[in-house]
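Following the hints, position chain B against chain A.
2 protein chains.
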Amino acid sequence: MVQNVEQHAINTVRVLAADVVRGANSGHPGAPMGCAPMAHVLFGKEMTFNPKNPKFINRDRFVLSNGHGCALHYIYLHLLGYDVSMEDLKQFRQVGSKTPGHPEAHDTPGIEVTTGPLGQGISNAVGLAAAEAQLAATYNRPGFELFNNYTYTILGDGCLQEGVSAEAASLAGHWKLGKLIALYDDNEITIDGSTEVSFTEDVLKRFESYGWHTLSVADGDNDVEGIAAAVAAAKAVTDKPTIIKVKTTIGYGSLLQGEEKCHGAPLTVDDIKQVKEKFGFNPEESYAVPKEVYEFYGARAAAGAAAEVEWNALLEKYVQQFPTEGAELKRRLAGQLPEGWEAALPRFTPADKAVATRKLSEGVLTALADKVPELLGGSADLTGSNLTRWKQAVDFQHPSTGLGEYSGRYFRYGVREHAMFAIMNGLAAYGVNIVPYAGTFLNFLTYGWGATRLSALTHLRVIYVMTHDSIGLGEDGPTHQPIEVLALTRATPNILTFRPADGNETSGTYLVALSDASRPSVVALSRQNLPQLEGSSVEAVAKGAYVLQDAADAKVAFIATGSEVSLAVDAAKLLAEQGVPARVVSMPCSELFDEQSVEYRKSVLPAGLPVVSVEALGTFGWEKYSHAQVGMTSFGASGPAGQLYKKFGITAEAAAAKAQAVIAHYAKAGYVPELGVEF
Amino acid sequence: MVQNVEQHAINTVRVLAADVVRGANSGHPGAPMGCAPMAHVLFGKEMTFNPKNPKFINRDRFVLSNGHGCALHYIYLHLLGYDVSMEDLKQFRQVGSKTPGHPEAHDTPGIEVTTGPLGQGISNAVGLAAAEAQLAATYNRPGFELFNNYTYTILGDGCLQEGVSAEAASLAGHWKLGKLIALYDDNEITIDGSTEVSFTEDVLKRFESYGWHTLSVADGDNDVEGIAAAVAAAKAVTDKPTIIKVKTTIGYGSLLQGEEKCHGAPLTVDDIKQVKEKFGFNPEESYAVPKEVYEFYGARAAAGAAAEVEWNALLEKYVQQFPTEGAELKRRLAGQLPEGWEAALPRFTPADKAVATRKLSEGVLTALADKVPELLGGSADLTGSNLTRWKQAVDFQHPSTGLGEYSGRYFRYGVREHAMFAIMNGLAAYGVNIVPYAGTFLNFLTYGWGATRLSALTHLRVIYVMTHDSIGLGEDGPTHQPIEVLALTRATPNILTFRPADGNETSGTYLVALSDASRPSVVALSRQNLPQLEGSSVEAVAKGAYVLQDAADAKVAFIATGSEVSLAVDAAKLLAEQGVPARVVSMPCSELFDEQSVEYRKSVLPAGLPVVSVEALGTFGWEKYSHAQVGMTSFGASGPAGQLYKKFGITAEAAAAKAQAVIAHYAKAGYVPELGVEF
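Which chain is which? The protein sequence lines are A and B, in order.
If you count the first sequence from 1, position 451 lands on 451 in our numbering, and the numbers rise without skipping.
Here our numbering = 1-based position in the second sequence + 679.
Here chain A stands alone, though its shape is the one from the complex:
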């Protein structure tokens, strides 16, 4: 039998969840009340963590994939002694609180990853578990189990319906991530009512098909021992991830229990009173936590703190015994890239041959592979097209496959863009300075935008290597040619959009992307060869835009990105022949340009100078930096790249003609609109 204090602790959580959601007059009481027993098993019995140092590196990870139930997690953070006070709980869903409507990793101590958008959490958990496996295989030595944490996740029907979780679960099975344990809150309720209306598949059978170990607990409302036994059984199977189907009652204790009505709205005051009475609490008291409950969970915290002390001692011994690995690990734990890594970045002169930026990216990654062991690469089954793999790379694979090792650093994600991005978020969130990068075609960035958006919101250094970045990809046609994708990335806060023009800018792109540990980067790369440009610079990329080539008394400027910078150079030459001096500005990253001083920005795009932008994607948004635009206003087409540029009027001739028109127009108007005025 469950000890009384444990049952009381679980009921405390249920009652407190009802209070917290009621206090906000907004939120989701149902999942916390239903999931309290399984959360108790994890936080109160199984997991190791240190509330006083939420970043203790070998802690067990916990992800609440059904993030809308976050009152549950916040309550546990509070009870366990994390820096989440009762006052914080009372500020649930209020502006500026540590307890927002969905868990945000950047803002709340103890939250590993940002969840809420369904399916992301379980997919992040796959990444967290893969990170543990990779680090354990890389750094553990006999007697030195530095990395051996478990990754737990609670997820609901919603997460299981999302495609991203299906992709990630298939990979987790393939990778045999035995330390990943998922608890499926099977309450048979979604917002539209019974799962019978839309979700009647056999979930455990599906997970078996992925190669998971599957278990069930029939009474998740009460059978704490059964849940604990299932978790123990999960741990005993070391070469398969485990999913435990835990049958629960949503809103357990409420008059509405088992109904969708208690999913996403506070319980009534009267209902909360009867819940309290039912569970032996004073119905007139709110936000009450019995002393023995604090004490019970407090003991868990103390055990966790001790575990960290022990781990730190082990690390010191490790550093002595394995000085090379130890030093590397300590560096990584400090969040530092290796000293002098930048020196490995290739540099080019205009005499060097024309190369596609995807190929130049391969050169950078190859140059960095040995120097920066925290780089973990991959591709969504386009390795040979994205050129994301360095020659000596070892694949991340379970050793039994004979196809790689867990210490491998190249991930074969399969055709699963959304999971790839979400798994990269998990890899980055693990810590130890992991820098995940992976490739697909730029157009398929939007297959996984749900995860990319969370890279940005959560400040994760994830590098999206997105090749085939325009109509320049040619024959694959409009289904593969991005038009709108860079507008999307540029319109999104806290993410950098790079479109390097040549070798130096490609190196500069990686220089910034790796150095900036607080945001993700999207790197758009060409399929086609591009010349090495006169005036291009590795260092200037950090400024976002710079004068690549200038002309005395310039009458117009071209501002271009990536594959169209050389086209702009050609257009300037045409104009020069026509007696019109023109400046060429390369803009590898508009967001970084926006962050420069007014003086710098004005030095690049001075008042009075007409500007024409050139980019072989949609023109949307370019009005900010230019008076006229050369670009796409329709979807692309299937055909050889050169012919497509002509068909869509993206040529040096068209750009020069547009520049002449702009000059003439504003000469007549008597003014040139100043760009970048700030109000």
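FYI, nobody ran anything at the bench for these hints, they're computed from the structure.
Treat the hints loosely; a few may be bogus.
[As the list claims (entries may be wrong)] Derived, one-sided and incomplete: chain B residues facing chain A with beta-carbon distance under 8 Å: (1) 853; (2) 1299; (3) 1341.
[To be verified] Beyond 10 Å from chain B on every Cβ pair, some chain A residues (computed): (4) 162; (5) 213; (6) 658.
[Stated by the list, open to error] When the alpha-carbon atoms are kept at most 35 Å apart in a straight line, the in silico DSBU-like pairs for lysine-lysine are as follows: (7) B:970 <-> A:602; (8) A:624 <-> B:924; (9) B:1281 <-> A:555; (10) B:769 <-> B:970; (11) A:668 <-> B:1326; (12) A:261 <-> A:90; (13) A:573 <-> A:624; (14) A:624 <-> B:926; (15) A:646 <-> B:996; (16) B:1038 <-> B:1325; (17) B:924 <-> A:240; (18) A:624 <-> B:970; (19) B:1281 <-> A:647; (20) B:926 <-> A:205.
None of these values were measured; they are calculated from a predicted model.
Every residue, glycine too, gets a C-beta built ideally from N, C-alpha and C.
Only chain B this time, still in chain A's reference frame:
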């Protein structure tokens, strides 16, 4: 044994595929050569279709979900007598051809849906099969099986790895779509090599878990009778979709057969010669089709034409016997909406109460439900939040569930946004004037953008009912608050982005969205209540933007959308108090505004008038229509909506102050930059 002509026909297709890809010097020979036998069974034996009328409404549908193998489909279209000539095959992947690099439904007769982005085709096929089920249940009568076609799809490993296909397959199983038959080209090869590197799940077991009927064919390279028998067995099971795993050899016949090298690049000239010799063709001849092969497939075409004649006669009898249904069906087949449907659209005056546009949308849908039977609604498990269901709606469900009927018009998609969008594409592509619409939160549009993009590219009338369209959703926080999403939709060709401000504009939005049969619409709707505005108009929505409220001698204009239009009205009042007359422009759809005459656009935003935009999403892109912007420049936050508007400076006061600053700045500058100059 297979008759000789059939084997010869299959080999003809293989050889021709090698020639076609070689001719383009680009493309994918492997899948066509491997899939030729199964395609032969479908096109040469099983399917009914009329090449002379590719739109014959009761034709069997075929979707090549692994769209990169489209040479296969184009070759069959040619052999069967569709308007795809040998010359068209020679123009494979060339600009302006009927044979682009991936199948485009809008451009090639006989292509049902646009595929290539993996996972879309199978998901469209679920929509096509659902459409058949819905129409059959709605219109068929004893003796009048007007709708009874099958939907076939060929798909590969890539499609099966994508989450969208997992979502769609789960729904197909739930819906028991017995007339959906998928042939899985199990060639064990993806671009990265063997499927062993990333795709080791048990696919058939997974589909069993979804409730599918599963079958296998061991030798898909040669066992045509086995494939045919499997298809017959699939047809015999009427309450489950079927997946047939067909083991094939990629590039069958090539020296590279079974290797990834023949996946995505032409075979060498020498290899093609040996393929031809192996299959008994003249190695020196290219693009050769034996007469008996043309004759064999020609007979199929003749049978299909006869089937259409028979069907047309049946329809005429039906019209006589069931005049009401018959007239409705004929109207729908003609692509006409019901006469006078627009009269049902609600209209409002400023005296009417404040209502959220999501609620106003519910009012429109409720008003139209009876009038427009081709409206097929749904939601991704947010029915009560999106307000997408009219009260008397019947759910689309298999009758055995007791939860609805196949004639039901409301789809419970579950938490599966991507599949929902792809299934809507399939519903719309079926024809019979089906207008699918469905809801989720605006922020989760990007979970399914891979499908939405194809709505636009393929000119499908699909209506995206996207509620909770800004920080105005409040407490759910930044994980749910869209910032970048409308920049994405506006940057995309051939899709309309609506953000109505009140009741009249919501009605006007649906007026345009339903009337425009050649493109999709994204309708962004508020969670919060909005006042009915003085000056708002149902009809003006078609112009994209219009002067909602004017002031004599206006010194500035506000341009706003949706929930911020009333805020702009308030800002104009503040300015009036400060002695500054201001115009208020409502812009429910910027894309429609761009399509108006210069005169009209200048009448709304005249030269010389400073403009301030107000929209509670990211400001990216608004430079096109305004000199200064009020909006979001970061992610949102969790808290009550009113507090968030203040926190992020989106208030009437802030808008008025910005207007004053803009007026002052340009007074000093001596000019006001003209907006919308075209070069």
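A quick look at each hint next to the structure:
no.: 1; hint: 853; result: holds (5 Å)
no.: 2; hint: 1299; result: holds (4 Å)
no.: 3; hint: 1341; result: holds (6 Å)
no.: 4; hint: 162; result: violated (6 Å)
no.: 5; hint: 213; result: holds (14 Å)
no.: 6; hint: 658; result: violated (5 Å)
no.: 7; hint: B:970 <-> A:602; result: violated (71 Å)
no.: 8; hint: A:624 <-> B:924; result: violated (53 Å)
no.: 9; hint: B:1281 <-> A:555; result: holds (28 Å)
no.: 10; hint: B:769 <-> B:970; result: holds (19 Å)
no.: 11; hint: A:668 <-> B:1326; result: violated (44 Å)
no.: 12; hint: A:261 <-> A:90; result: holds (23 Å)
no.: 13; hint: A:573 <-> A:624; result: holds (25 Å)
no.: 14; hint: A:624 <-> B:926; result: violated (54 Å)
no.: 15; hint: A:646 <-> B:996; result: violated (54 Å)
no.: 16; hint: B:1038 <-> B:1325; result: holds (25 Å)
no.: 17; hint: B:924 <-> A:240; result: holds (26 Å)
no.: 18; hint: A:624 <-> B:970; result: violated (61 Å)
no.: 19; hint: B:1281 <-> A:647; result: holds (30 Å)
no.: 20; hint: B:926 <-> A:205; result: holds (23 Å)
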